[in-house]
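Number of protein chains: 2
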Amino acid sequence: MEQPIHPVLLCGGAGTRLWPLSRKSYPKQFVPLVGDESPFQASARRLSGDGFAAPSVVTAADFRFVVIEQLASIEMVPADVLIEPAPKNTAAAVCAAALALEARTPAALMLVAPSDHVIPDAARFREAIRAAAPAAEVGRLVTFGIRPDRPETGYGWLELSERPDSAFSPMPQPLRSFVEKPDFATAEQLLARGMYLWNAGIFLFSTTAILQAFERYAPETLAATSAAFEAAEQDLSFTRLGPEAWDRLPDISIDYAVMERAENLTVVPYGGAWSDLGDWQAVWRETASDAAAVVTKGPATAIDCTGTLLQATSEAQELVGIGLTDIIAVAMSDAVLVAHKDRAQDVKQVVATLKAKGAPQAETTPRDYRPWGWCESLVTRPRFQVKRILVHPGAALSLQSHYHRAEHWIVVEGTAKVTVEDAVKLVTENQSVYVPLGAIHRIENPGKLPLTLIEVQTGAYLGEDDIIRYEDVYARGQGAKG
Amino acid sequence: MEQPIHPVLLCGGAGTRLWPLSRKSYPKQFVPLVGDESPFQASARRLSGDGFAAPSVVTAADFRFVVIEQLASIEMVPADVLIEPAPKNTAAAVCAAALALEARTPAALMLVAPSDHVIPDAARFREAIRAAAPAAEVGRLVTFGIRPDRPETGYGWLELSERPDSAFSPMPQPLRSFVEKPDFATAEQLLARGMYLWNAGIFLFSTTAILQAFERYAPETLAATSAAFEAAEQDLSFTRLGPEAWDRLPDISIDYAVMERAENLTVVPYGGAWSDLGDWQAVWRETASDAAAVVTKGPATAIDCTGTLLQATSEAQELVGIGLTDIIAVAMSDAVLVAHKDRAQDVKQVVATLKAKGAPQAETTPRDYRPWGWCESLVTRPRFQVKRILVHPGAALSLQSHYHRAEHWIVVEGTAKVTVEDAVKLVTENQSVYVPLGAIHRIENPGKLPLTLIEVQTGAYLGEDDIIRYEDVYARGQGAKG
Numbered sequence: 001m002e003q004p005i006h007p008v009l010l011c012g013g014a015g016t017r018l019w020p021l022s023r024k025s026y027p028k029q030f031v032p033l034v035g036d037e038s039p040f041q042a043s044a045r046r047l048s049g050d051g052f053a054a055p056s057v058v059t060a061a062d063f064r065f066v067v068i069e070q071l072a073s074i075e076m077v078p079a080d081v082l083i084e085p086a087p088k089n090t091a092a093a094v095c096a097a098a099l100a101l102e103a104r105t106p107a108a109l110m111l112v113a114p115s116d117h118v119i120p121d122a123a124r125f126r127e128a129i130r131a132a133a134p135a136a137e138v139g140r141l142v143t144f145g146i147r148p149d150r151p152e153t154g155y156g157w158l159e160l161s162e163r164p165d166s167a168f169s170p171m172p173q174p175l176r177s178f179v180e181k182p183d184f185a186t187a188e189q190l191l192a193r194g195m196y197l198w199n200a201g202i203f204l205f206s207t208t209a210i211l212q213a214f215e216r217y218a219p220e221t222l223a224a225t226s227a228a229f230e231a232a233e234q235d236l237s238f239t240r241l242g243p244e245a246w247d248r249l250p251d252i253s254i255d256y257a258v259m260e261r262a263e264n265l266t267v268v269p270y271g272g273a274w275s276d277l278g279d280w281q282a283v284w285r286e287t288a289s290d291a292a293a294v295v296t297k298g299p300a301t302a303i304d305c306t307g308t309l310l311q312a313t314s315e316a317q318e319l320v321g322i323g324l325t326d327i328i329a330v331a332m333s334d335a336v337l338v339a340h341k342d343r344a345q346d347v348k349q350v351v352a353t354l355k356a357k358g359a360p361q362a363e364t365t366p367r368d369y370r371p372w373g374w375c376e377s378l379v380t381r382p383r384f385q386v387k388r389i390l391v392h393p394g395a396a397l398s399l400q401s402h403y404h405r406a407e408h409w410i411v412v413e414g415t416a417k418v419t420v421e422d423a424v425k426l427v428t429e430n431q432s433v434y435v436p437l438g439a440i441h442r443i444e445n446p447g448k449l450p451l452t453l454i455e456v457q458t459g460a461y462l463g464e465d466d467i468i469r470y471e472d473v474y475a476r477g478q479g480a481k482g
Numbered sequence: 001m002e003q004p005i006h007p008v009l010l011c012g013g014a015g016t017r018l019w020p021l022s023r024k025s026y027p028k029q030f031v032p033l034v035g036d037e038s039p040f041q042a043s044a045r046r047l048s049g050d051g052f053a054a055p056s057v058v059t060a061a062d063f064r065f066v067v068i069e070q071l072a073s074i075e076m077v078p079a080d081v082l083i084e085p086a087p088k089n090t091a092a093a094v095c096a097a098a099l100a101l102e103a104r105t106p107a108a109l110m111l112v113a114p115s116d117h118v119i120p121d122a123a124r125f126r127e128a129i130r131a132a133a134p135a136a137e138v139g140r141l142v143t144f145g146i147r148p149d150r151p152e153t154g155y156g157w158l159e160l161s162e163r164p165d166s167a168f169s170p171m172p173q174p175l176r177s178f179v180e181k182p183d184f185a186t187a188e189q190l191l192a193r194g195m196y197l198w199n200a201g202i203f204l205f206s207t208t209a210i211l212q213a214f215e216r217y218a219p220e221t222l223a224a225t226s227a228a229f230e231a232a233e234q235d236l237s238f239t240r241l242g243p244e245a246w247d248r249l250p251d252i253s254i255d256y257a258v259m260e261r262a263e264n265l266t267v268v269p270y271g272g273a274w275s276d277l278g279d280w281q282a283v284w285r286e287t288a289s290d291a292a293a294v295v296t297k298g299p300a301t302a303i304d305c306t307g308t309l310l311q312a313t314s315e316a317q318e319l320v321g322i323g324l325t326d327i328i329a330v331a332m333s334d335a336v337l338v339a340h341k342d343r344a345q346d347v348k349q350v351v352a353t354l355k356a357k358g359a360p361q362a363e364t365t366p367r368d369y370r371p372w373g374w375c376e377s378l379v380t381r382p383r384f385q386v387k388r389i390l391v392h393p394g395a396a397l398s399l400q401s402h403y404h405r406a407e408h409w410i411v412v413e414g415t416a417k418v419t420v421e422d423a424v425k426l427v428t429e430n431q432s433v434y435v436p437l438g439a440i441h442r443i444e445n446p447g448k449l450p451l452t453l454i455e456v457q458t459g460a461y462l463g464e465d466d467i468i469r470y471e472d473v474y475a476r477g478q479g480a481k482g
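Each protein sequence line maps, in turn, to chains W and X.
Here full-length UniProt numbering is used: the first residue of the first sequence is 1, the next is one more, and so on.
Here full-length UniProt numbering is used: the first residue of the second sequence is 1, the next is one more, and so on.
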């Protein structure tokens with residue numbers, strides 16, 4: 001490769017079909033659904049190393065610290081983290097990433113990839129990217145086509161100009177047309193004809209070529225995104241795009257806005273395995289060895305089951321299935337899903353139902369990720385709440401006080417530096433601190449190991465919004481969480 | 001009724017087929033499986049009021065405080081609580097209860113009933129008992145026969161001398177014979193012939209008559225039980241039967257030991273509804289309105305399900321089913337069961353499997369019931385553990401110390417009287433106490449309201465057996481739990 005390729009990872013989305021593991025507050029791209037890494041981490045790693053520059057990430061404000069933490073834990077640092085003020089689909093995200101990259105490295109090659117896909121054969125995928133680079137360098141918009149193995153109605157398809165060779169080599173060729181998500185009969189025909197691949201939403205092009213295409217086919221998107229980029233504010237290492245201009249953007253995908261109208265399109269066939277982990281059936285399919293296979297994860301036990309996924313997420317919760325056929329069961333401490341595998345698509349209904357009845361499980365997880373670590377509610381009652389809090393080495397909670405609650409902290413792992421009013425002291429394992437109602441306080445982890453503490457809150461009102469913030473290294477405002 | 005009837009409630013059993021709700025440490029008779037009361041409470045209430053004396057209870061040592069607490073919460077006090085040193089089946093239990101009752105009230109009438117059955121129409125059941133009393137008074141051994149509604153192979157059957165009337169009136173009649181648990185074809189014939197009822201293991205007889213029957217048909221059981229009763233020790237309000245004599249007892253049911261051999265047998269037909277809650281299918285059947293019915297309990301949501309039971313046990317855990325047919329799903333904080341309804345009988349396999357892999361969920365519940373209240377582990381890690389502890393008004397934990405752990409207590413509801421070494425103080429909501437490793441300490445609830453505290457333990461070893469006990473109002477020994 002002549003020129004380095006700049007990965008652009010899109011990870012602002014929040015699907016509901018993998019509930020309860022995937023929730024609005026912590027969606028599937030950050031959850032280790034298959035293997036030990038999250039799909040986001042696996043995507044970043046896949047697009048790293050020889051020939052790749054540091055990635056750009058486009059995400060939502062809520063996920064900015066998760067992005068940094070998940071990349072840090074695989075020893076990566078992003079080049080850019082662009083914060084979308086609101087979800088506006090992929091056209092705006094790609095356009096913003098192109099503008100940021102063009103400002104940094106003119107005429108750079110960018111590889112746009114969703115971060116919630118599973119591509120087990122990273123080497124083969126990188127080979128396809130390498131094969132696509134010369135076309136992108138001469139100004140073509142390259143899309144990657146996935147070899148289909150079933151008549152899938154959930155994806156768009158790509159029409160080839162010629163049939164791939166028997167090895168399904170990644171030979172670039174002109175793209176003939178995009179095919180909208182087909183019905184089942186049409187999908188069967190597309191599969192049988194051998195001239196159609198799945199559209200995975202993975203693209204390679206130069207910033208020059210894609211910005212020209214925006215100018216020609218989606219000038220209003222380019223104008224609004226440019227304005228949002230010019231109005232962007234730098235916040236720590238994040239680039240917060242200007243919300244006013246962003247608000248004017250249409251909700252439109254890069255496919256509709258640009259790709260389906262452009263003429264300089266190239267497709268590179270990809271013959272390896274791929275999954276978008278679109279629903280629990282897909283997760284089962286990715287991990288099962290055959291159609292009768294039973295998949296168990298965590299402390300799960302299957303007795304006489306077939307075609308079933310039993311996923312336990314906590315070492316403290318045993319999940320047992322007996323005599324099940326084609327069942328998905330996912331157990332978490334605050335939510336359990338049991339679904340027939342053919343109804344995996346309807347999990348989104350669950351989220352709507354739970355949201356309508358006001359259940360927090362619809363959108364938030366028990367573990368609440370913050371810039372400094374995470375906290376998890378262990379028990380909540382009208383006048384008290386017990387939380388487990390983990391603070392990363394070197395991290396600090398904001399200097400804060402509460403009107404309605406007192407807090408007891410007991411350090412159980414690591415060392416805390418605790419400020420209560422004017423006193424500052426080190427608190428180590430097995431020591432406790434009392435923070436009276438109204439007292440100004442802060443916890444820091446000055447050590448090299450994680451700090452774990454148990455917090456017992458007592459008071460008439462225990463909402464997270466009872467917080468007055470005096471100083472915050474993470475630049476969060478009043479009323480924002482802990 | 002001339003003479004009061006003395007209920008004898010058998011509640012020492014520990015079935016495994018209703019796991020995870022029913023576990024060895026807290027079996028189904030104490031769990032509110034159907035309605036708000038436990039089957040034990042419902043049985044005690046059903047056999048109370050006009051014509052009934054206070055009940056005798058025969059149970060295991062582990063359940064003695066649960067028995068007292070569950071009766072107290074429905075404002076009942078038992079006449080006797082007999083503690084079996086080991087489970088020895090129903091012959092020994094009935095014999096011991098007869099001896100204790102005979103010592104207290106010679107020639108009394110005793111109504112023996114398992115405490116894990118559901119009999120919704122208590123008035124009709126009492127009417128059957130009243131109808132049976134005259135026969136029992138003249139020395140007959142009366143058994144109650146349940147009107148069968150299906151060819152059940154899980155029960156023994158009773159052969160009548162004459163067909164019950166169309167109203168299924170509780171008319172006593174001679175019992176012709178006992179029929180062992182039949183195969184399905186035989187059960188279908190028994191059902192069709194209309195001369196056979198289910199044997200529910202409910203009996204009415206005088207102490208005189210049953211002790212005579214033991215003397216005649218099971219003299220070794222009578223001898224060993226008499227020796228165990230004579231060697232019994234009074235422990236608070238409990239009668240602990242002598243363990244050495246008890247050990248010599250054969251493991252045999254009252255049916256095999258006495259009833260199937262005796263000649264003075266009467267049967268009283270009972271036409272109302274009855275269930276032994278033998279497995280999850282029975283629990284579903286008891287609560288479902290028809291064969292297609294979906295039963296949800298707790299925060300459970302069923303979407304497009306049929307013939308399914310979704311039972312959530314904690315307000316903090318949402319259970320959702322989608323597109324399920326004939327599925328039982330039971331969610332608890334530490335264990336989740338998903339079983340096909342036809343495989344309900346195989347739940348006992350789960351318990352064996354979990355026991356083999358050393359999972360505590362096989363036999364113990366997250367909430368651990370003690371004489372003074374209960375405690376529940378919220379989080380357990382190698383060097384710390386967080387527990388929620390509830391102490392009943394007036395109750396006290398033992399005076400104790402630990403070699404390997406320190407404890408922090410934070411009172412979140414009520415008032416505690418806390419002793420640490422020589423200091424005694426009252427600790428109220430939002431105050432905390434530190435108990436260093438090795439310090440002698442005690443918690444009491446001197447108030448009128450329940451006391452809730454959060455305990456954070458830290459130390460190298462956190463096992464329940466690290467306890468040195470100095471004084472205990474509940475007369476428990478070293479190493480016994482908290």
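To be clear, the hints were calculated from the coordinates, so they are not data collected in a lab.
All figures in this text were calculated on a predicted structure; none of them were measured in a lab.
Be a bit skeptical, because a hint or two may be false.
Pairs count within a copy or across copies, as identical chains cannot be separated in the list.
Here are the computed lysine to any residue pairs in the SDA-like style, where the Cα-Cα straight-line distance is at most 25 Å [what the hints assert, rightly or not]:
1) K448 <-> R367
2) K417 <-> D465
3) K425 <-> S275
4) K348 <-> V294
5) K357 <-> V294
6) K297 <-> G242
7) K425 <-> S166
8) K357 <-> T296
| Which earlier hints can't be squared with this structure? | 3, 6 and 7
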